[in-house]
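Could you put the whole structure together from the sequences, leaning on the hints where they help?
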Amino acid sequence: MSKIEIRSPLPGTFYRSSAPDAAPFKVDGDVVSSGDTIGLIEVMKTFQEVPAGVEGKALRFLIDNEEPVIAGQVIAEVEA
Amino acid sequence: MTIRSLLVANRGEIAVRIIKAAKALGIRTVQVHSTADADMLAVKLADEAIDIGPPAPKKSYLNIEAVVSAAKAAGVDAVHPGYGFLSENADFADAVEAAGLTFVGPKGDAIRLLGDKVAAREVAARAGVPTVPGSAGRISNLDAARAIAERTGFPVMIKAAAGGGGRGIRIAGDMADLERHFPQASAEAQAAFGDGGLYLEKVITKARHVEVQILGDGRNFIHCFERECSLQRRRQKVWEEAPSFLLPQSVRERLCASAVALAREVGYRGAGTVEYLYDETSGEFYFIEVNTRIQVEHPVTEMITGIDLVEEMIRIAGGAPLSLVQEDVTARGHAIECRINAEDPARGFMPGPGRIETLRVPEGEGVRFDTMLYEGYSIPPFYDSLVGKLIVWAETRDACLERLKAALENLVITGIPTTVPLHLALAGDDAVRRGEFRTRFLETWLETKFAGAPGKSAEVA
Chain E
538 MSKIEIRSPL PGTFYRSSAP DAAPFKVDGD VVSSGDTIGL IEVMKTFQEV PAGVEGKALR
598 FLIDNEEPVI AGQVIAEVEA
Chain G
1021 MTIRSLLVAN RGEIAVRIIK AAKALGIRTV QVHSTADADM LAVKLADEAI DIGPPAPKKS
1081 YLNIEAVVSA AKAAGVDAVH PGYGFLSENA DFADAVEAAG LTFVGPKGDA IRLLGDKVAA
1141 REVAARAGVP TVPGSAGRIS NLDAARAIAE RTGFPVMIKA AAGGGGRGIR IAGDMADLER
1201 HFPQASAEAQ AAFGDGGLYL EKVITKARHV EVQILGDGRN FIHCFERECS LQRRRQKVWE
1261 EAPSFLLPQS VRERLCASAV ALAREVGYRG AGTVEYLYDE TSGEFYFIEV NTRIQVEHPV
1321 TEMITGIDLV EEMIRIAGGA PLSLVQEDVT ARGHAIECRI NAEDPARGFM PGPGRIETLR
1381 VPEGEGVRFD TMLYEGYSIP PFYDSLVGKL IVWAETRDAC LERLKAALEN LVITGIPTTV
1441 PLHLALAGDD AVRRGEFRTR FLETWLETKF AGAPGKSAEV A
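These protein sequence lines map, in sequence, to chains E and G. Okay, so the first sequence: first residue is 538 according to the working numbering, each after it adds one. Okay, so the second sequence: first residue is 1021 according to the working numbering, each after it adds one.
No wet-lab data here; the hints were simulated from the structure. Being a predicted model, the structure only gives us computed values, none of them experimental. One or more hints might be untrue.
Incomplete in silico selection of chain G near chain E, CB under 8 Å [as the list claims (entries may be wrong)]: (1) P1075; (2) A1362; (3) A1366; (4) P1401.
Computed cross-link-like contacts, DSSO-like style, restricted to lysine-lysine with a CA-CA straight-line distance of at most 30 Å [as the list claims (entries may be wrong)]: (5) G:K1469 <-> G:K1425; (6) G:K1064 <-> E:K582; (7) G:K1040 <-> E:K582.
Each residue gets a CB set at the ideal place from its N, CA and C atoms; glycine is no exception.
Shown next, in the form of structure tokens:
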């Protein structure tokens, strides 16, 4: 079972949901397809969606909500 | 009490600006910073720097306890809040004063009063400052709405009393519209906010955004003329000028006098800005709000009046009376400020934090560049995209535009995208030269003139 990494396209702050009181886009264990949004990156006060970009199952987040990330940093991984 | 040491509770270019003003006054400076800002220019320029927390603003620059603790630990006399962050937070002003320190700005109560839109509108009305025509408060029924709309004229906005941030607003173009929308708006407001209360406000079409710089020491109040800030994108100012050159002199005098009257009404202390919409068809102006802090665009006022607003606000906070009377304030020439953002205007203004490879700053008479950039500096992604302000002054507006073009061409920033190409296009635009712009001008212009312009490129500068 190989793991596939999902990396942040941008530097900024990572958010798991669209608003503080909204449910997260995805939770650990979810199945994802490549068009699914897994979170948002806030960069200079603007928000960009982060697509999974891959298909897989057993999603696992490696970055907590509201944590800073650098471009290319692994945000989550899935099993192929 | 004269201020001998000052903590700067901000970051970026304004922190640099405050430190320079403090140094000119012989004041020791302490700069707070987040862990992401340890290498920012203000940290290098300050006499002392204190780490107040993680990158997220709410954990550092918006953390009242962290900032006040740093101020106490550093043993400073005063705290300057800059703009944004905690600058208009009344609780912060109170916390600073409660710690026995001086807040560079008005008292917490004044910030609270002027920050409340309804209360500020009442203050303006008491001071005789015109507010946007509309209902005095809530309106109870359609008959009352009809009577108000007959008085104000159309179009009118039907606003939910409990709404905000653009929610719960409908526009009625005539009486039939009003009669149709009013019951629906009330039902919607009830459903959305649990409160069906409505009020009416006239829509000011073709409005310019004009604002007046005020200074007060609690007893004496003066204005430093007006700024024109109509060029905005998504409600953010992009380009500002002083003076508002098409404003008739008689209107300018009434406008500036009204801002002073408002300052006097609340016993204002510090530097502030009274914002207005100006309807040039009717020649009327209407109060919008008061900003109780230094503004991003304060340099255009400094360039035409020769007054250092940041130094003046520090002196006032230290207990000194205003160093000027109204007759001392004279305006000369014309100034324009371009906000240089780390955004790519060719890609929908996508922000682009990154490392500055080359920085070449234009110099010469009437050219000023307020910035926190230096070669090798990495702009963090956690804060806003403003990286500098190019301010140009000349004897006339036409000469100012020419000098601005040359200055923009000589401003070289590589390593990040910037809005310099946008400003070059604006500086060369006929409508901008004629001053034919209002608050909605720029967004339309971007779609019709800029997006379609051949040869637009992020490589222009």
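For this session: Run the structure past the numbered hints and jot down the numbers of the failing ones, going up.
Result: 3
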